[in-house]
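Peer 1: Below, each chain spelled out in residue letters.
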Amino acid sequence: MLHLSILLWLPALFGLLGLLVPARHVRWVGVLGAVLALAFSIVLVLDFEPHGSAFQHVTDTTWISALGVRYQLAVTGLNVWLVLLTTVGFAFSSLWIATTSLGTDPRAKHVILHLGIAQTAVLGALLAQDLILFVAFFDLMLIPFFFLTAQFGNGTNEERVRATIKMIVYTLVGSLLMLVAAIAVGVLATPDGQAVSYNIQEIAQRGVPEGSQGWLFACFAAAFLVKMPAFPIHGWLADGYKAMPLPILAVFSGVLSKVAVYGFLQIALPILPQGTADLRWVVLILAVLSILYASSLALTTFNARLVLAYSSVAQLGFITLGVMSLRPDGASGALLQSVNHGVAVFGAFLAVAILGRRTGGSEDLRDMGGAATKMPVFAVLFIVVTYAVLAMPGTANFVGEFLILRGAWEGTAQGLAIVASLGVALAAVYALRLFIRGSHNRVAAKVEPREGTRPELALMAIPVVLIAALAFHPQQTVKAADDATTRAVQRAAIVVGPDHVRKILEADPSARNIAPEPFADVPPSAGTVRPIGGARTTGPASQSDPATDPNTGRAVGVDPSTGQATTPSGGAAGSTVQVDPSTGQTVDPSTGQPVEPPSAQTEGAGR
Amino acid sequence: MSTGWYLAVSAIVFAIGAAGVATRRNPLLVLVCLELMLNAGNLAIVAFARMHGSTEGHVFALVVMVVAAAEVAVGLGVVVALYRNRVPVDVDELRELHG
Amino acid sequence: MSTLAVTEAPHIDWAGISSLIALFGGAVVVLLVGLLRARFARLTLVPVLTIVAFAASIGLAIWQWDEDTSLMSGALGLDPLAMIGVVGIGVAGIAAVLLSIGATAPREAAHGEYHAMMLVAAAGGAMFVGAENLITTFIGLELLSIPLYVLAATELHRRRSLESGLKYLIVGSVGSATLLYGFALIFGATGSLDYAAIADQVAAKGLGDDPLMLGGVAMVVVGLAFKSSVAPFHQWTPDVYEGAPTPVTAFMATATKVAALIAFLRLFDGALIGASDAWGPALAALASIAIIVGNVGALGQSSMKRLLAFSSIAQAGYMLVGVVVATKLGVQATVFYVLTYVVMTAAAFAVIEAAERESGHDGISALAGLGRRRPLHAIALTLSMLGLAGVPATVGFVAKLRIVQAAVDGDYSWLAIVLVVGSMISFVYYLRVVARLWTDEPAGVAVAPQSQAVEVEAPEAVATTTAVADPKGLPAAAVPGGGAVVVTGATILPMTVLAVVAGAAIVVLGVIPGPLMTVVEDVARAVPELFR
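Protein chains in written order, with the numbering used here: chain A, 197 to 803; chain B, 3 to 101; chain C, 18 to 549.
Derived from the structure by calculation, the hints contain no laboratory data. Here the structure is a predicted model, which means the values were calculated and not measured. Built from N, CA and C at the ideal position, the CB exists for glycine as well. Treat the hints with care, since some could be wrong.
What the hints assert, rightly or not - Short derived list, chain B residues pointing at chain C, Cβ under 8 Å: (1) W7; (2) L31; (3) V34; (4) S56; (5) E58; (6) V61; (7) A71; (8) E73; (9) V81; (10) V82.
Let's have the full structure, built from the sequences with the hints guiding it.
Peer 2: In structure tokens form, the structure reads like this:
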């Protein structure tokens, strides 16, 4: 039995252990903790069954009984690869720290402790199946980075403290609104006389009143978009990125922003389908604006860090586009791209660090140059990373972007997809600009012409190997995510309209097997008719009562592969059912079996 | 006599007290005005006690008197301490704490 | 004669008032022990006895936990809400006594009197939280306030202390008088002084829009707002917090908050629940003003005590949200919040007092580089600040969660939004303090990597500088028993103990809030009017 709590708390535990070790050796404690977590998550990935139950390795106990908050962790198709990305990122970061002055600093204990807490928080946010638990970890995630930046960042005390406070407050604007929204979601979804539950599947099943979904979605979207960050709310980005030490920044940029993407898929889409459908154009347009705006900034700035910062913004714009296309392929592409981008960013920030060291600390592109001739090994590794950043055909990034763009083409306006694909072209330009400025040109005056050190090159090899591995097997990620993304987008897809669903089914008929009921044949006329205020009503008496077991996952559902695809509830009744899950728990006439609502109950509790 | 009259008097006294606290500078006068405010409340309580024919209200009034006396005693003590400390006895001069 | 012999004494539930007796009895004993000439008696026995009295009152309150009655013919409630108030005040009292060890204030005011005053104030608070009658409420309030006026002015040679005492007295008395007038009007409207009877009258006669009643409620709101420093009646708070001796400020910040908020709950969610249409919006407005004013006001502060004063105004606003919603969840949320607030604030004041003794002032700069000099203190203050800001994994997050849930559940979502907007602002100043702890080198003192060296160096260096800075600072020898303004060779141990305990509590309760939550579940039954 793989207990997720072990994975979750392991990094923080090692961070605390580091306090007991002499400062000279503490970095190795950090490395050990991160590597152990990495090993654990590799086992998780290998053990994951893509078409098995939706929730695997479930952990479920009471946390705050008075509030109905539970400590629920599970591995799902959505988070399994992101968990791996997280552990890889933190392992990479700890190794990197061990080779730099951060690792030998007298205050190295702080670095290890905060990094450990940060990893625990990120893993917690990814694994949490309880909304409040998610919010808690999501908020906690930031705090270690505050300390890391304030203590070890660049610039004077004053500057970095200001930059990091700005970053925290900016991102908290969204996070705290999300806290209110999360509680409101739980309270509003609770039928009268029943206990409040914040389990995400439970809430999705109960349904949030449609009238409130708009502002609730706006709050969640604000939290996630600030974290990414998206175009108009990226004010903290430049200062924050400049102030953060590079090894920390790599993990911050590579991993934390992905949690926001995950938040959309895991929370906003399933529990607020109406809000998603209503406001998705806002998010889509912001995403496209982010792509264009950030790409053009990346083209003009001379700060190597900021090139990567803005490229991240652009990439996350793409990813958001994929998520908000509300199509399984777009969403899977988004997840794949999250992993790809994370890995590429690790390499890219390391490259910036190496280049920056050569120039004597300057990270200005104009001060760099000549790496290709003076340090060929590094240049080769760097070009691979660059290819990944610009999504060269052959890399997994290309696959990811392709999936996203296809999703956007089919699921949103085609014009949007065309505009967005401009970003692909721009990415090629700024990524190559970074490479050329760094590697070609004349060797600048201040540059010390030497090959990267062995530890540096060895570190650099890690993301390169990963990029290669992903390039050969991109389908692994997509396969794991496929079922889960279908479940994630289905409710919102149905609200958007029958045409949308039909297109999804045309592209991938097997989607019906995963979520048989809502994706049943959609009669064009009835699909748009929705019961009003149905969210609060309870289902017919004959239903299997989901409330008796609020820890969803637990309710034994019907195996998706057996027969449900053959018993679609057709006709108008089916279409009302599919729209509002909590009213839709009718008894299927043909089997006499209660028809389980879609995502939450189709699956067993794992093992 | 209607309770309204008592109430009116007490309201006037309360207003005088409040105005005094707000405008007077000498701490002693401020203390006197505080007394006025408390006793305005007392008057209202006694009037209502008569109106409702309740003894509780009278008890309340007695209690308030004791409390008011204690408050003034402490206030005078602090004023004396301030005076001994050669602080100008004028509330507007209490400037050490900007606020 | 025989008729006299059978005069029956009224029944007194000694067990029920035992925690009050412990506090009052403790005050008397401490006062007498303080008269002894032995140094040991004054410096050691008095604080120990005070702590014993506080601990006894806590223990007795826990012993009486399951009771649910009224004492003294309905004047005093004996129920979990009152008992949890006693516990909270007791904890605050113990914290304040620990902070007072080695402080200037008790030395100047005489140890016995100082500690007795604290016990009497706590007894007043205990009465205030249990009061089910307007008379008891008033007595409890005054018994809590008057000793605090004195305590604020105990540093007789420091002008700021006296000033703060007088200021507190004037503003506090205005609040009392307003409250009293409000009580008079409520009495006039209902003809009763008992909470239960008032609630009955309000319900029966539909006094929700009676002008006398409304006037009374309005004045009570204003009076209590003065007392619990809810904006816009908060102007005195920063001055008084800054001027009063730090241990007294700590006591004021914690014990008074507990007492005032529980009294708020009892009065508004109990006696006046029938008029909630009248006071609901008013209190909601006050709460949001307090949240905004407190948090914005704290932004520019350089003195830690002023910063905490403004933060306490904002926190009072958060806690009021639970009162406003007037539901069972709201009551529980407020009580939970106020208890956690005691813990978080106690940790902060412990560190501030220690830093003040070492550096002679309470500015944020006194905390610079504390992470290197005194890691335990720095960690405790960090946890306290993060807790007050509401960061997950601290108890502040859970508390805020409860408040927000109560607000959303009670259809006050907008208030929840105001609350989180306020918290957002609060992060700026809390994090600024935290950054100071861990980034800066200690100001003034040359960089000393060895913490030992600083410990020896700092107080001396500071003692000389403050003696110059303060023209009235008496020479150290002038006051018997040690330093005048700055305590040289300051005792830091009690502060460290308190900081560590409170800091640990912040994290432990933040990760495992279950037990405290269960305890707080009970309190709502003390407000039966909510369930009618």
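Peer 1: Determine for every hint whether it applies to the structure shown.
Peer 2: So, going through the hints one by one against the coordinates:
1. Against a cut-off of 8 Å between C-beta atoms, the interface hint on W7(B) is violated, since the closest Cβ of chain C lies about 13 Å away.
2. Below 8 Å, beta-carbon pairs count as interface contacts, and L31(B) has none with chain C, the closest being about 11 Å; its hint is therefore violated.
3. Below 8 Å, beta-carbon pairs count as interface contacts, and V34(B) has none with chain C, the closest being about 12 Å; its hint is therefore violated.
4. Below 8 Å, beta-carbon pairs count as interface contacts, and S56(B) has one with chain C at about 7 Å; its hint therefore holds.
5. Annotation: E58(B) was flagged as interfacial toward chain C, and the flag holds, the nearest CB pair being 5 Å apart, inside 8 Å.
6. Satisfaction of the interface hint for V61(B) is found here, the shortest Cβ-Cβ separation to chain C being roughly 7 Å, below the 8 Å cut-off.
7. Restraint check, A71(B) versus chain C: the minimum CB separation of about 11 Å is more than 8 Å; hint violated.
8. Checking E73(B) against chain C: minimum C-beta separation of about 6 Å stays under 8 Å; hint holds.
9. With a cut of 8 Å, the hint placing V81(B) at the interface with chain C holds, because the nearest CB-to-CB distance is about 7 Å.
10. Interface hint at V82(B): violated, since its Cβ lies 10 Å from the closest Cβ of chain C, which is beyond the 8 Å cut-off.
The structure fails hints 1, 2, 3, 7, 10 (numbered hints given earlier, in ascending order).
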